[in-house]
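Asks: Heads up: the sequence lines are chains Y and P, in that order. FYI, in our numbering the residues of the first sequence are 1 to 158. FYI, in our numbering the residues of the second sequence are 1001 to 1289.
I should point out that these hints are in silico values taken from the structure, not numbers from a laboratory. Please note that the accuracy of each hint is not assured.
Pairs of lysine to aspartate or glutamate residues, derived as EDC-like cross-links and limited to a Cα-Cα distance of at most 20 angstroms, are as follows [what the hints assert, rightly or not]:
id : chain 1 : residue 1 : chain 2 : residue 2
1  : P       : Lys1188   : Y       : Glu153
2  : P       : Lys1041   : Y       : Asp43
3  : Y       : Lys96     : Y       : Glu126
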Amino acid sequence: MSTHHVKVTVNGAVKEADVEARTLLVHFLRETLGMTGTHIGCDTTSCGACAILLNGRAAKSCTVLAVQADGGEVMTVEGLAQNGKLHPIQEGFMEKHGLQCGFCTPGMMLSAVALLKQNPNPTEDEIRWGLSGNLCRCTGYMNIVKAVQYAAEKMKTQ
Amino acid sequence: MIPPAFDYATPKTLREAVALLGQNPEAKILAGGHSLIPMMKFRLASPALLIDLNRLDSLAYLREEGGWLKIGAMTREADLDHSDLIQKKYPLLADTTRMIADPLVRNMATVGGNLAHADPANDHPATMLAYGAQVVATGPKGERVIPIDQFFTGPFETALAHDEILTEIRIPAPRPGSGGAYMKVERKVGDFATAAVAAQISLGAGGSCEYVGIGLTNVGLTPIKASKAEDALKGQKPDDANIRRAAQLASEAAEPASDYRGSEEYKRALVKTLAVRALRKAVERAKGG
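Here chain Y stands alone, though its shape is the one from the complex (with noise of 0.2 angstroms):
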């Protein structure tokens, strides 16, 4: 067993710990850094509730050990509001009811900006693609759709 010293930029701010080479990336966010938005659904990769930005694409940070993002950089839905204002994807789904539980909202954010990153204007089609990594047990879906084009018409003007 093996325990490593890693360091990696969350949200624009280094963090170090030792870690132990198993430990989760979503364990190390939660437990060890304390940043408890980044949920814990399936465990088993199918569900994006764990799902963050890794070096700028969203992966499920319960597949992947925190010792491979040593040196890179996390987004977390921590880091999505800025000097107190939040991101249009959050606006969006406050205005569109993109929630009812909450569980999926952080990974489903996080994937919608990924994909917003790469596609600006996304057909309702490569909505559902985008976010066909994220499971929400709630909704339905047809309202984090309504979120996510709400979002890309809000970035588009800003």
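Once you have looked at the hints, place chain P on chain Y.
Replies: Relative to chain Y, chain P alone:
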């Protein structure tokens, strides 16, 4: 779920990775990790050492060279999905990568890992069988080339020696008049195939099939090359009757087991239908459609 404890190494060079692997009989290579890490969580795998290749940028590339498409083993599925070259010239590969798991998994998952893991339910094996691809294995004595139809030796078993790493995949660059398609039935996004069929075709000047490759996913203990179906269509015009005959032979090559995804009979019927659709689509694309 946290995996059992293990040691972890990030070699700086491929040579160093190969040496580490040779020194540690209980070591495993970590590529995208999206099969291995879940298996470790479930205690289906408990390697003593993980050798992480994710920092070897030299293993992630896509280029055409000397009549081959060369894919570095650490190339991510998302990179295939975003490549114009793959979208335009390698439709079978483009189809396949989009059917693997979901977009988040595809950001991490690698082509090399999908093959070296040798899960008969993985999607690239059938596609590489249809293309007639080769893989490059790098070991302590250097590289050797393994034709893909000799690579899968059993469920989760390959022709790789313990101290060899799959480093490159080579797909013959298709000549003009070629096309391919991958058809998969899955119960939901992210599930393994109930069954899937990969087809690659090259048409000759007279419109008959000069090259036919057909691979089957998750209908046997290993990925299956449907050789009799290929032979039946080779040299023939790809008309409806010939496509149906080849699809029938493909379904006979399948050896599915009944499970919660469907009965043996259902899966065999599925292979036939998917083979008809994949071959038709391959021909349509070969004709430039």
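Asks: Between lysine 1188 of chain P and glutamate 153 of chain Y, does the CA-CA distance stay at or below 20 angstroms?
Replies: Roughly 30 angstroms separates the two Cα atoms, so the pair is violated.
Asks: With the threshold set at 20 angstroms, check whether the alpha-carbon distance from lysine 1041 of chain P to aspartate 43 of chain Y stays at or below it.
Replies: Holds, at roughly 9 angstroms.
Asks: Are the Cα positions of lysine 96 of chain Y and glutamate 126 of chain Y separated by 20 angstroms at most?
Replies: Judged against 20 angstroms, a Cα distance of about 19 angstroms means the pair holds.
The structure fails hint 1 only (numbered hints given earlier).
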